[in-house]
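S.K.: Listed below, chain by chain, are the residues.
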Amino acid sequence: MKTFPWLLILALVLVFLLVPLVFASSSYAMTVLINAAILGLMSLGVWLTFSIGRINISQGAFGLIGGYITAILATRFGLPLWICLLASAVGSALIGAVVGLPILRLRGVYFSMLTLSLTEAARLVALNATAITGGASGILNIPTLFTGDNAYLELYFFVLLLLVLGIAAVWRINNTRLGKIFRALQQDENLASSFGVDIAAYRVLAFSLCCGFGGLGGALLTIFVQSIYPTSFTVSDSTNFMLNCFLGGLGSVFGPALGALVLFLGFQLLSPFGAYQSLIYASLMILAMLILPNGLLSLRLPKRRASQGVP
Amino acid sequence: VGKAIVLRFFIFITADFFWFSQKTTELLVLELRLINLVFSRFYMTQVLVNGLMLGSTYMLMALGITLIFAIMNVMNFAHGQMYVFGGFVTYYVFGQWHLPFVVALLASALVVAVIGFLFERFLFRPVMRRSNREETTMLLAVGTALLLDSVALVLFGEKQRGVPDVIAGVWQVAGAFIPYRRLLVFGVSIALAVGFLAFVQFTRPGRALRAIAQDRETAAAHGVDVALYSAFGFALGAMLAGLAGGLLVSTEAVNAGAGGFTSIKAFTMIMIGGAGVVSGAIAGAFMLAFAEAIGYYFLPGSMPYLIILVGLIVFLVFRPQGIMGKRWG
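Going line by line, the protein sequences match chains V and D. The opening residue of the first sequence carries number 1 in the working numbering; numbering runs sequentially from there. The opening residue of the second sequence carries number 312 in the working numbering; numbering runs sequentially from there.
Just so you know, these hints were derived from the structure itself, not from any lab. We treat Cβ as the ideally placed atom computed from N, Cα and C, and that holds for glycine. Just to be clear, a hint being listed does not mean it is correct.
What the simulated footprint calls covered on chain D by chain V, stretch by stretch (three residues with Cβ under 8 angstroms from a Cβ of chain V suffice, anywhere in the stretch; the number is not a length) [unchecked claim]:
id, stretch
1, 453-463
2, 509-518
3, 614-622
Label-pair ranges, simulated between beta-carbon atoms [to be verified]:
id, chain 1, residue 1, chain 2, residue 2, range
4, V, Leu-161, D, Phe-572, 50 to 60 angstroms
5, V, Asn-141, D, Trp-482, 46 to 56 angstroms
6, D, Gln-525, V, Asn-141, 58 to 68 angstroms
7, D, Gln-512, V, Ala-169, 50 to 60 angstroms
8, D, Val-628, V, Ala-131, 54 to 64 angstroms
9, V, Leu-292, D, Glu-469, 27 to 37 angstroms
10, V, Thr-144, D, Gly-473, 43 to 53 angstroms
11, V, Leu-101, D, Gly-473, 38 to 48 angstroms
Here are some, though not all, of the chain V residues that point toward chain D, as calculated from beta-carbon distances under 8 angstroms [claimed, not checked]:
id, residue
12, Leu-106
13, Ser-117
14, Ala-121
15, Leu-145
16, Phe-146
17, Ile-291
18, Pro-293
Let the hints inform the model, and build the full structure from the sequences given.
M.R.: As structure tokens, this is what we get:
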């Protein structure tokens, strides 16, 4: 078992703590940071499904599920938000397990295509189940976690805490027997099965954990913007979560968070270009795929990483 | 009649659940349509004709994406976006510049084929040479879809675009109304699909494509120029998407944001049929088209696709390789 990279963590925490102190006065900057942290948390889940060798494009669907669970519990039943958040994470994970059990039998592009369709299906359910979700007009006036002068700062630290806990949890998973089993599934499911690994159970576990992260992130985002619509998470969000992992680097647990930060920040920084914003963004992303096939984290010590390969 | 009553009861229950707010009108319309379905063949003919017409064009799309998959082992995530490009080229050439429809279709085919060629030559080939991992090429495919989406938005704007009738008039047959433009689209689509299949089956380049689809290495060992034909195959598959777009813009409208959803349609077709199999692509295209035609007739708004997507998931649980696909693993 590898030792926990304390130095890197310390540096990251320092950066994350210092950054808001500089920008605390700008609510726009805080909004961007909070969004990036939440997206990082959701991407972390997708990273887990990458580690079992599946490309999951359904995280948007579970963001929606988590968001709606929180929205409904908070507005209809008036439950405290802490319970709502927990319910969102657990509920999404359970739904993920139920949905994952059949669809994880699919492999490769079939799995990816189906998860993509799942995102679209979730949007359509939210749109059509008017009695529960309010249809196209969504659910508004969701209470928020923190009020007062430093609400953004407090929310930022709360989200950051969850992100750090999430990374620590995934790091721990990745470096114990469970992580080895996940990587074995990535290499060859049949071989893993022949060694006595219950592949169906483990891949559902990985997918369900992923959905839990997705639900938690979706709930956080819902609380942050205090509203949810069927279009709050779309197919392009689902693909972005996947691209965050990829750009950050599939070889490291820190990849998804880094990718989310860079991509989200990058997209915001391109906003002066107006109509060309997403065009430049997409071009840069393709360029990044061409010149950095192993992600941003592969930039340091390229030789060692090249021989070691992805996860 | 007994069946009809059961059906009505069932629909009452689901309707209660889904359209709580607009229950009365929705239900009335639904009731009427259901009664029509059960007691007369009249509307059913129309629905089936609609499905057939739509299916012929969907077939082009499914053949294109399945060709690219068979040859490159790449799932073309930008297929729907290519369809949108084809639609907009026809919109400009035929709708705005008033050139003949044939010219517009050729322009659509050419433009999208060039896009496909450039993608293969400058994006997929370098990446695939460096890594054989499925993930890398798939992520690149997703990236190209994002790229085309944003290009379409910049070039074409956000408006929904349609073109004037290619041919005016309606043909009334067996209780169904078929506009001549739909009939034209149907005929052209079938002709193109037959032409494509004949090309792949009976010509030398077609044989090279089939050889590559069967086994890339062996084909190369037997002197097939794999690099050339990969680019050609990608361009050909893309061209079919462009043609489908150009054809369908004359009966439906097109907008720059439709790409993603159209891609999902294309995926649905080949997931039903089985990826990389020609017969599967055709079966999948027609099944989706009929499901869509029937669904849009009986259900409001976005319900049909919800049911189609949920049905797809259930179907794939029982047959993950599709109807015609080969079992893997």
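S.K.: Which of the numbered hints above does this structure break?
M.R.: 2, 4, 8, 15, 16 and 17
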